[in-house]
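*Asks:* These are the residues of each chain, in order.
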Amino acid sequence: ETGVTQSPTHLIKTRGQQVTLRCSSQSGHNTVSWYQQALGQGPQFIFQYYREEENGRGNFPPRFSGLQFPNYSSELNVNALELDDSALYLCASSGQGSDGGSSYTGELFFGEGSRLTVL
Amino acid sequence: DQQVKQNSPSLSVQEGRISILNCDYTNSMFDYFLWYKKYPAEGPTFLISISSIKDKNEDGRFTVFLNKSAKHLSLHIVPSQPGDSAVYFCAASWTGIGNQFYFGTGTSLTVIP
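Same order as they appear, the protein sequences are chains A and B. So that you can map any letter, position 63 of the first sequence is 162 in the numbering used here, and since no number is skipped, the others follow by simple counting. So that you can map any letter, position 96 of the second sequence is 133 in the numbering used here, and since no number is skipped, the others follow by simple counting.
These are computed hints drawn from the structure, not numbers from a lab. Computed from a predicted structure; not experimentally measured. Hints may contain errors.
As the list claims (entries may be wrong) - Covered, in the sense of this in silico footprint (three residues per stretch, anywhere, with C-beta under 8 Å from a C-beta of chain B), are these stretches of chain A:
1. 138–145
2. 164–178
3. 186–193
4. 209–215
Unchecked claim - Quick list of simulated restraints, FRET-style, between CB atoms:
5. B:Ser89 / A:Arg162: 34 to 40 Å
6. A:Thr216 / B:Val115: 37 to 43 Å
7. A:Leu166 / B:Thr142: 28 to 34 Å
8. B:Thr132 / A:Gly127: 19 to 25 Å
9. B:Pro77 / A:Lys112: 21 to 27 Å
10. A:Gly194 / B:Val115: 29 to 35 Å
11. B:Tyr76 / A:Pro107: 15 to 21 Å
12. B:Thr63 / A:Pro169: 18 to 24 Å
13. A:Asn176 / B:Thr142: 38 to 44 Å
Ideal Cβ placement from N, Cα and C applies to all residues, glycine included.
So here's chain A without its partners, still in its complex pose (with noise of 0.2 Å):
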C-alpha cells in the first residue's frame, strides 16, 4: 500500500511570488485535504477535495486554491504569497465511508509535508 507522497520537501519563493504543491494520496483514498501548519501551530484545515471538486474549506482567502485530478491526487495553489504563508503544508487523505458521500470522519493519513519559506 502506497502512503501519502508530497512534492517538494522544501521550497523558497519570494513575496508576491506563486507556489504550486502536489500530493498524492494513499492508494485506496479519494478524499484529499490539506493543512496548513505554522512554526509552534497545530495544523489548521485549509480545504479538503473529493470527486475532484472543493468539499469544505477553512479560513484562508481565495489566493489559496486547489484540484483534484481523476487519479485523486492534488495540487495547492498559493497566489501573490505573504511572508506569514511560511509554513509546513500537510497533506492528508482519508478513505470513504459506507454512505460513500465525502461526508465522511474519520482517520486522516498524512504526507511528510511541504516546508515552504517565502522570503
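Using the hints provided, position chain B relative to the given structure of chain A.
*Replies:* Same frame as chain A, now just chain B:
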C-alpha cells in the same frame, strides 16, 4: 478562536512511567477525536481515535479517555518509552464534515531513559 486546546506545551516523563497528555475543547458539536504523533521533519502519524459514544478506547500502550461533560480528553501512554518522544496533537471534528479537523497546538513529550 482556538476550539481545541493543549495547555501543556511540554512534558517530561521517566521511561517506564505513565505519560498523560491532556486536551480540552469548546465546541459541543465535536463527536470524533484523534491523537497524532509527530516527529521532526515527518508528517503526523495517527495514533488512536475515539467517538463520543465511548468514554475510553485502548490500543496497546495507548488509551484515550473522553469526558464529554467536561469537554476534555486525555491520552495515556503506559509504559512510556524513549521512542515515544515526539510532539502529540489532539484533533476534533464532527460527523458529516469530512476531513475538517481542528487541531490543538501540540504537547512535546520527552521520555527520559
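*Asks:* For this structure, which hints from the list above don't hold up?
*Replies:* 2, 12 and 13
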